[in-house]
Each structure stands twice: as structure tokens, then as C-alpha cells.
Amino acid sequence: MIELFEVTKRFGEEVAVDGISLRVEKGELCVLVGTSGCGKSTTLRMINRLIEHSDGEIHLNGQPVRTFDEVALRRRIGYVIQSTGLFPHWTVARNIGLVPRLLKWPRGEVRERVEALMALLGLPVAEFADKYPHQLSGGQAQRVGVARALAADPEILLMDEPFGALDPITREALQHELLDLQARLHKTIVFVTHDMDEALRLADRLVVMRQGRIVQQGPPLELLHEPVDDFVASMLGGEERGLKEAALTRVRDRMLPLGPRLLAHERVAAQAPLHQALSLMLWHRVDRLTVVDDDDIPIGELSLRRLVGSKS
Amino acid sequence: MGQGRPVPNVVLIALLLAGVVAWLTLPAVSVAPNRIVPGTPLLAQEALGWGVTLPALVPMLAVVVLGWRPEPARLRLALALVVALLAAMPLWLSAAAAALVEAAQARLGIGAALWLLLFLWLLALIELRARLALPRPLGWALLLPVLLAWWGCLSLWLAPLALYREYQGRSDQFLDAIGQHLALVGAAVGAALVLGVGLALAMRRYAGLRRAGFGVLNFLQTIPSIALFGLLLAPLAWLSARFDWLAALGVSGIGWAPAWLALLGYSLLPMVRNTFVALDEVDPAVIESARGMGMSRRQVFLQVRLPLALPVVLEGIRITTVQAVGLTAVAALIGAGGLGTFVFQGLGQAAMDLVLLGALPIIALALIADALLSALADCLRQGGAT
Amino acid sequence: MSTAGSGAVRLRALPGWLGPLGWLVLLLALSLGMGWLEGLLRLVEPDSRQVLYARASFLALLGQHVLVVGVASLAAVLLGVGGALAVTRPAGRDFLPLVSQLASIGQTFPPVAVLALAVPALGFGTLPIIVALLLYGLLPIVRNTLAGIQGIDPDVHEAARGMGMTRGQILRQVELPLAAPVILAGVRTSVTINVATAAIGATVGASNLGDPIISGIVNGNTAYVLQGALLIGLLAITVDSAFERLQRRVGRRGVQ
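Chains as they are written, first to last, in this note's numbering: chain A, 1 to 312; chain B, 1001 to 1386; chain C, 2001 to 2256.
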């Protein structure tokens, strides 16, 4: 659990973070989102004390971070950055094993852990263990970055625009992988991004920042429905908020069980987000889809009325 | 940074305090009855008494105090004080000369304390210039009052200064030596420029030549200058013995011919490398768009590639020139003349002031060449950037 | 950086350490057996009674040369790398601008002039030469160490801190290995200059491979000059090719 109480950071005259309070529960994925220079990265870096805060308190499981030894603190917190910061002179395996080695794990355990993590992140050991970072694609390098952050099984993960430099397809794949990982590992994650789609897709709790302050925070749907002001509304997509919301809802949640009517010809996966179903309807010019499960077996149907959420 | 009071400038404080220690504990001057006998070293207080030595501490300590809270205004004051200190040094020497030197043959040598102070204060000047972010030309302008003070004192009162005595003894030779030095450097760099640019252009076309050319030039650069001068000695001597017209031109195993050839050899590498890199590194997008606009190959080269490459080529000329100034000094060993002659003569006669008379102008030439050519490159860059 | 290049290797494309070793063997063989060349040298200097430099054995001169350059270079590496590291730590940061300016201004000083200045300050003999070589040799090492350390991707540094590495660990495991190729290039420049400058030291009373050259010039004996020049040239090439090899080894790992 991470708590920030009235935290302020000044660089000389300039106030980068201005008295923000925030509480990230254990196992929660909290996304800080805002335009560049809004203080979101600074906030993140104050948690592992890469930057010391000027005022206020930051607590980790109820204890002020200032009371920890900063090096020991950082070894307990995973950290992933956009450019990966992989050590160019070390192999993938050595990069991933960094923190366990710093913590003086026995060699065998380090190796086992590295191999387990590489498997977890879809990096075949035989192929990647001895490669150097410059031999990896952007997506692979960032997978290694995530593996390195997870290596010593930290309860907290700080991620600073980790997928910002990747192409859209790789980015989306990694976002899904992160959600899968999170479903299994239940880490407490603070994730910084300026990409609202990414934020909405990942967040349990969404924190919108502007000029060093938190403008609004809460579950993504709550922010979508009740933005406190025009800034948040426009950040969340303005007129296109409906589509953003649809992206957060799954077909499964809106479908009706199979009725007496004939199956519609076009199909949609139950796991698919709602905007995909809408897109299919627009594309095929139909107002009804058959919902199928992972094995392509029909399990329900979705009508346009249901999709747009008319309660009847 | 910038929060509340500024942090003390440790560098400035350390430099000036070291200067105070040197001033109080090391010999400031030495007095010798003639050229041969080594001088007697004298501390500053022994030379002119505490009455002068202690007041001189005031500006030094004042800079220390100013460095304690380095706000820009205080740093500017400190800068003025350091310049004043540097300008005061020849005045103090003049006073010392008047007080200590009586005999016409006697000479005043500059002692360790003053050399060290000169060094430390110049460092302080560099530090202050950097902290105040003064532009380069202004930095040089700051040295003007200092140089004026030295010039004035030398021509009025500092006749007994050993270095000056050495100069007076051979003022004609001195000017000749500078002339020879510059001529050799100029001839070598000029030839290297013509040949080097030609070679770089050819290398861009032929990959084989590129590989072989860089191989040979790199190899040449690792051979110590004195060895290369020596190795050229035999074949040139042989050639001049064989061909009368070469001998008539003044080519022989020693003298300007081997020196010039060796200098040319050393100068080619930096020149070719910079020209090659400069031409090669011009942003391909710029070239692409120039082509796209319909410029011919020739136009692209003359109007786009060459002007953009010019600052880097100039950088090559700078490196080459500075290197050649130093190497020409070595060339004096094989009779090529130049300022190195004084250095090696002085070393041979154990006349240290003669060594200085050669070495100091060599350093000055290198620094001046460096400053002028980098200023020129800066100008070109600014012109090209907009 | 300034003398390093890849072209020279291809010229002598012997595999691995064979190149430097070959040069070394040639150097030692010539130092021991300059007599074999007597016939050739006689061609150059037919009138002189003596064509072989005999005032000291070439091996001893070579030893002196290597010793002076070795001591000065070792000290320059320790001081230069140490100093440059010190001014890149938070405690020494204040001195960084001055030191890096000094290193670049100092490099415009001709090495001969520095050597010449060392004599009035320290007297004749081996010590002033070592000091002069040390001082001058510091500059490229300091400059390259600074460049190497400052050239490290700030994100790598950030990640190292973020992972909880201590300052010492970052220095040893990240900064030094990443800067090593650049530092080594600086050491190579430094040693190359030192080999050459030490030879000129023969004029200020050191006895080394510069001796035959100087005495050859003084006595008008071209054969002496050739012998000295040949050996110094070979020494320089041996040292340089060894560094070339070392740089390849260090530079091979990972880094772009």
C-alpha cells in the first residue's frame, strides 16, 4: 500500500508537484495520467526516492519512505522506464538477474528465477538469454525491462511510460500481457502514461494530473461519467468518451442469453470490448451479433439496443 | 540548486587559498649575478618585505570571501580582482627588480611562487568565465589589461628580467625563428589542406583507396616525430646527393625538407579524416531534399554539402595546425629552424631562460592558433545554423 | 579518439595477438642484433669508421625507454582516471567544468614545450621527463574518462539507481565497464604521445632510444639516427598494435 500525504516537490522556485494526496491499495493498478510536465513522473520517482520530496509524507505500508535506506527501498520496488535503461554491456539474463544478485541470492536461485521470468514474459531462454540489449526489438527489450523489475518479486512496481516508445500493435500486446500478469501476481502498480486509451485500459484507479496537482481520481468509469471539469472531460476524449467507455466494457457484460430467434450471422467474442462489437455492427450494417466463447461456440447474442445500454 | 543561499564556490576558494600558500612559502624570484651562475631564490617577503607581501593578500582573500556566496554580482567583482592581481604581477616584479638588481649583468628570474600564482589565477579566470557564462571573445578580452601591464613593465622597468635579457640578446633571431616556425607550419598545413581535401574526395569515391589511405595515415601517425624525422634523413640525403637540382633547391637530409615532409605526413591524417567525416556526415535528408528540388550533383556538392561540411573541415585545420606548431618545435633538432632552436640550444647550454624563450612562444602560438581557428569555426557554425 | 582508427588493423591483418607479438619479436631481435644490419647501414654512411651505435646496448636503451614511459603512463592512468572519476561524483562536481576545460586547453600545449618547461622547474635527468610525461599524459586520459562517463545514457544510470544499486556498484558494474572503451582510447593516445616525447627527452639528459638519434644528429652520423629511429618506430608500433588489440577485446562486448 502506498500513501501520499500533501506531497510537494520544488525544484528551486518551480513547483513540480503541489501538495498531492493519493492512496494506492495493495494489489491495485493505479495510473497517473496527464500532459507532459504535469508532475506525474516526478510523483512516481519520489516513491522510490530517486527524487526526494520537499514537503509532505510518503508512506509504504504505513511507514514513511524516508525512514528506509534508499538503496534497500529501491531493491524492494520494481522500476520500469520508457527507454528500458537495460545495461548495454550485459546479456538479457544478466540484466534480469540484477536485483536478485544485488540481494545476494545464491547463484542457482538467481538462474532459476531468471528462467522463470523469461518464461513468464514469453522470452524463450535458449533464444534470448545470451543476447545483448541492442540485439532486441523494442517490445522484447521492454519485456526484459519488466522481467528485471519483477526479478526479486517486489510487492510494488513503478512503471514510467513503459510502452510509450513502442509501435501501437506491440504496445497493445504488452498492455494485455501486463493485465494478465497483474491478474496472476497482484502487485501494487503505479503506472505513468500520457496515453489516455492506455490509462483507461489498464487502470483500476485513474488519477488525472495537471500542473502538479491531482484534478480527479477514481475508477475509470466514474471519471468517464462524471468528469469534474472540461479539462478532465477533454483528456478523456471529449465527444468520443462514449467510445472510450465502450472500450472498457466487455461484450460478455451486455449480452443476452441465446433466445428463440435465429442466430445472427456475424459473430463477436464474449471477451471483446464493446467498441469492437459496435465496429462490427457498423461494418456489416447489422444490429445484432452472435456472441461466441473462446472455442467459437455461440453462448449469447448482442443487439444494438443492448450495446448502447438502453435498459429495456 | 538555487534554493536560498548559493553554495560556496569551492573551486575558486581552493585556487585562491592555494595561491596564498604559494605566495607565502615558495620563492617568488631569484637573483643571479650573471647568466651562468644559478640564482639565489628569495621569498616574496625577503624580496620586498612584509609591507608589500601582506597587503597583497587582501585582494586574494577578498576573492575567497566573494566565492563564499557566489552571486553573479559578487563573482563579477571577483573576476575584476583576479584580473587586477594578474596585471599587478609584472608591477610587483618591476619593484623587485628595482630593489634587488644593481649590477648591469645581474638577472632576475621568476620563481616558483609566481609561476604557480600565474597558473592558479588563470584557472580562477577560466572558472569565473565559465560560472558567469561569459562568451569566449570576452574571456580573451579580459586578458588584454594583463598583457598590456606585462608589455608596459617589460619595456619600462623589467630589463633585468632574465627572460627579457635572453630576448634582447637575440631579438633578430627571435623574430626570424617565429617567421620560420610560422612558415613551416603554414607550408605543411597548406599543403596538407590541398592534398587532404583531394584525398578525402577521392576516398569518397573509391572504397579501396579509403581503406588503404586511412591505414597508411593511421600508421604514420603512430610513428614518433623524432623517428620519422630521422628516417627521412637518409633517403633525402641520398636523393640530394644523386640529383643536383634537388640539392640546388636546398633539399638535404637535414633542414626544412625532411621537416616539411614529416609535418605534411602527420598533418594529412587529421585533415583527411575531418574532411571525409564532414562530407560524409551531412544530413542525408538535406541532400535528399536538395536533389528533390532539382539541384544537379555539382550544385548539391558546392551549394549544400560543402558549406555544411566547412565547420568540421575547419576543425580539422585547427587540430592540424596546433599539432604542427608542436611538431615544428621538434624539427629544430634536424636543423629546420624555428622556435625549437632556442629550446634545444637552451637545453644544450643549460640556459633555462633560453629554453623558456623558445617554449613560451611555442605554447602561445599553439593557443593563439587554437583560439583563432575555433572562433572562425564558431562564426561559420552560427552562420550556417540559421 | 584522435589516433585510434580501424584502418591500420586491416593493413596488418594478422589474427589476434599475433600482430603485436610479431612487432615485439622484431623489436627485440633488432635491439639484440643490430649488428646484422651493419652491411646495410654501411651503405648509408660509407665514410664513417663506426656505423653501429655502441655507447650503450640497445636493449638497455629500450629498457630505459619502456620504464620511463611505463611509470609515467601508469601514474597518469591512476591519477587521470581517478581524478576524472572524482569530479564526476557529487562531492567533486564543482571542479568538473574547470577540469574539463583544463584538459581541453592543456591538449593544445605542444608536448615538447611541456617537456622543455619541466627542465627549468625540475632540472635535468629522468625525473623531470617522467613528471612531464605524466602531466601531459594525464590530459587525454582525463578528457576521455570524462567523455566516457558523461556519454553513458542517463536512462541506464537512472535504471541502475532505480534498481537499488549503490554508488559503488554503479561505478564498478555500470559506469566503468561502459566507459572502458573510451578510457582505453585515451590511454592509447596518451601512451603513443609519451613514447614519442620520451625520445625527445634524450636531449634533456635521459638515456633512452632517443639517444642514438640525438648523437647521430650531433655527430652527423646518419646510421646512428636510423638505428634509433627504427627502434623507436618499432616500439611505437608494438605498443599501438597491442592497444588496438586490447580495444577490440574491450569494445567487443554488447555495446553498440
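Simulated from the structure, these hints should not be mistaken for lab results. All residues carry an ideal CB built from backbone N, CA and C; glycine is no exception. One or more of the hints may lead you astray.
Quick list of the computed label-pair ranges, beta carbon to beta carbon [what the hints assert, rightly or not]:
#1 Gly-2251(C) - Ala-1375(B): 16 to 24 Å
#2 Ala-126(A) - Pro-2154(C): 53 to 61 Å
#3 Gly-2070(C) - Ala-1202(B): 34 to 42 Å
#4 Leu-1175(B) - Leu-2067(C): 58 to 66 Å
#5 Ile-1287(B) - Gly-238(A): 38 to 46 Å
Straight-line C-alpha distance at most 25 Å; calculated SDA-like pairs for lysine to any residue [unchecked claim]:
#6 Lys-131(A) - Gly-2251(C)
#7 Lys-131(A) - Arg-2249(C)
#8 Lys-131(A) - Pro-2154(C)
#9 Lys-131(A) - Ile-2152(C)
#10 Lys-131(A) - Asp-2153(C)
#11 Lys-104(A) - Pro-2177(C)
#12 Lys-104(A) - His-89(A)
Only some residues are given here: those of chain A computed to face chain C with a beta carbon under 8 Å [stated by the list, open to error]:
#13 Arg-74
#14 Arg-75
#15 Ser-83
#16 Gly-85
#17 Leu-98
#18 Val-99
#19 Val-292
Hints, one by one, checked against the model:
1. Gly-2251(C) - Ala-1375(B): 16 to 24 Å: 35 Å, violated
2. Ala-126(A) - Pro-2154(C): 53 to 61 Å: Hint violated: Cβ distance 33 Å, outside 53 to 61 Å.
3. Gly-2070(C) - Ala-1202(B): 34 to 42 Å: Holds: the Cβ-Cβ distance is about 40 Å, inside 34 to 42 Å.
4. Leu-1175(B) - Leu-2067(C): 58 to 66 Å: With Cβ atoms ~41 Å apart, the hint is violated.
5. Ile-1287(B) - Gly-238(A): 38 to 46 Å: Cβ of Ile-1287(B) to Cβ of Gly-238(A): about 43 Å, so the range 38 to 46 Å holds.
6. Lys-131(A) - Gly-2251(C): 16 Å, holds
7. Lys-131(A) - Arg-2249(C): 18 Å, holds
8. Lys-131(A) - Pro-2154(C): 22 Å, holds
9. Lys-131(A) - Ile-2152(C): 20 Å, holds
10. Lys-131(A) - Asp-2153(C): The hint holds at about 19 Å.
11. Lys-104(A) - Pro-2177(C): At roughly 21 Å apart (the allowed maximum being 25 Å), Pro-2177(C) and Lys-104(A) satisfy the hint.
12. Lys-104(A) - His-89(A): 21 Å, holds
13. Arg-74: 3 Å, holds
14. Arg-75: Where the cut-off is 8 Å and the nearest Cβ of chain C is about 3 Å from Arg-75(A), the hint holds.
15. Ser-83: Interface hint status for Ser-83(A): holds (4 Å vs cutoff 8 Å).
16. Gly-85: 3 Å, holds
17. Leu-98: 6 Å, holds
18. Val-99: Since chain C brings a Cβ to about 5 Å from Val-99(A), closer than 8 Å, the hint holds.
19. Val-292: The hint is violated - Val-292(A) has no Cβ within 8 Å of chain C, the shortest such distance being about 44 Å.
Of the numbered hints stated above, those contradicted by the structure are hints 1, 2, 4, 19, listed in ascending order.
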